[in-house]
Amino acid sequence: MKYINELLKGLIIGAANILPGISGGVLAISMGVYDKIIHAVNRLFKEPVKSFRILLPYGIGALAGIVFLSLAFEYLFYTYPLQTKMAFLGMIGGGLPSLFRKGFPKGGKGKMAGLVAACLTCGAVILFTFAAERMITGSQGGAEMASGAAWLSSGTYWVPVLFLIGMIGAATMVIPGISGSMIMMMLGFYEPILQTNNACIRALSALDFNSLFTNGIVMVPYYAGLAAGIFLFARVVEGLLSRHEQRMYQVIMGLVFSSPFVVLWDVTWNSVMTHQILAGISLSLLGYVCAVGLGGEG
9 MKYINELLKG LIIGAANILP GISGGVLAIS MGVYDKIIHA VNRLFKEPVK
59 SFRILLPYGI GALAGIVFLS LAFEYLFYTY PLQTKMAFLG MIGGGLPSLF
109 RKGFPKGGKG KMAGLVAACL TCGAVILFTF AAERMITGSQ GGAEMASGAA
159 WLSSGTYWVP VLFLIGMIGA ATMVIPGISG SMIMMMLGFY EPILQTNNAC
209 IRALSALDFN SLFTNGIVMV PYYAGLAAGI FLFARVVEGL LSRHEQRMYQ
259 VIMGLVFSSP FVVLWDVTWN SVMTHQILAG ISLSLLGYVC AVGLGGEG
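Our numbering applies: residue 9 is where the sequence shown begins, and numbers increase by one.
Treat the hints as calculated values from the structure; they're not laboratory data. Quick caveat, the model's predicted, so the values are computed rather than measured. Take these hints with a grain of salt, some might be off.
What the hints assert, rightly or not - SDA-like mimics (lysine to any residue), calculated; alpha carbons at most 20 Å apart, straight line:
1) 54 / 241
2) 10 / 40
3) 119 / 109
4) 10 / 43
5) 119 / 108
6) 10 / 63
7) 119 / 265
8) 114 / 131
9) 44 / 56
10) 110 / 89
11) 110 / 10
12) 54 / 253
13) 44 / 71
14) 58 / 79
15) 44 / 65
16) 119 / 104
17) 10 / 72
Work the whole structure out from these sequences, hints included.
Structural data, given as structure tokens:
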């Protein structure tokens with residue numbers, strides 16, 4: 009049962025990383041596994057067996073969420089954007105009680121400074137999101153589904169560029185509150201990467217190994233950068249948590265409080281129907297209950 013619970017948490021984190029505006033790191037914190045995963049990543053070479061056992065269920069779940077749910081969430085995100093986003097907002101909100109306990113413990117000092125840090129962080133993320141929205145809105149539309157891999161590999165230095173994009177993606181996975189998909193949108197890589205990933209899934213399901221190789225080889229430098237970046241940024245984040253744990257959680261609370269704006273930044277409210285709002289609220293409550301049910305360190 010514990011293993012299934014960990015798989016589900018990994019599945020949710022993986023799915024979150026492919027949805028614009030959603031932070032997989034914040035959801036990992038909400039479900040009480042962020043510290044555990046970061047610590048295991050940093051101890052992978054020092055304590056390989058123990059760390060591998062900890063990471064395996066989360067890794068399998070996250071990979072399944074990214075690979076197999078990308079098609080489903082691509083459909084849900086574009087067909088039911090508000091409801092899907094509200095469900096994830098509920099999950100994010102489910103971690104607030106735990107964050108309050110860690111960021112503002114009873115008898116803890118510097119509460120006013122902590123509130124200032126949280127508010128400044130919240131404001132900074134909202135300003136960043138507003139700037140990113142302007143850049144995304146001003147960019148050109150995505151490529152056709154079949155041209156994702158061709159677009160990614162069209163430049164002279166596409167291999168190091170994709171490696172760097174992978175490292176940026178890793179930073180957004182490890183640092184809570186930053187939406188990797190939104191950053192990828194801002195840089196113009198979100199649709200081509202999602203399309204190429206989905207092309208690999210379709211090729212695998214059809215046993216079209218030629219197409220699988222053509223699309224898969226393009227994704228290799230991206231995933232290599234992703235792996236390297238996760239180890240690099242996990243070490244940085246764990247160092248900050250070990251030295252400034254209370255302040256870090258106060259900053260993370262600011263990231264969480266900015267989530268409603270970040271997640272709902274592109275919703276066209278004048279076209280939203282009442283039943284969509286009610287469905288979104290219901291799914292948000294369900295997401296909250298799920299986050300609380302999946303919470304804890306284990």
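Tested hints:
{"no.": "1", "hint": "54 / 241", "result": "17 Å, holds"}
{"no.": "2", "hint": "10 / 40", "result": "14 Å, holds"}
{"no.": "3", "hint": "119 / 109", "result": "12 Å, holds"}
{"no.": "4", "hint": "10 / 43", "result": "18 Å, holds"}
{"no.": "5", "hint": "119 / 108", "result": "11 Å, holds"}
{"no.": "6", "hint": "10 / 63", "result": "13 Å, holds"}
{"no.": "7", "hint": "119 / 265", "result": "17 Å, holds"}
{"no.": "8", "hint": "114 / 131", "result": "26 Å, violated"}
{"no.": "9", "hint": "44 / 56", "result": "15 Å, holds"}
{"no.": "10", "hint": "110 / 89", "result": "32 Å, violated"}
{"no.": "11", "hint": "110 / 10", "result": "24 Å, violated"}
{"no.": "12", "hint": "54 / 253", "result": "23 Å, violated"}
{"no.": "13", "hint": "44 / 71", "result": "18 Å, holds"}
{"no.": "14", "hint": "58 / 79", "result": "33 Å, violated"}
{"no.": "15", "hint": "44 / 65", "result": "13 Å, holds"}
{"no.": "16", "hint": "119 / 104", "result": "16 Å, holds"}
{"no.": "17", "hint": "10 / 72", "result": "18 Å, holds"}
Violated hints, in rising order: 8, 10, 11, 12, 14; the structure is consistent with all others.
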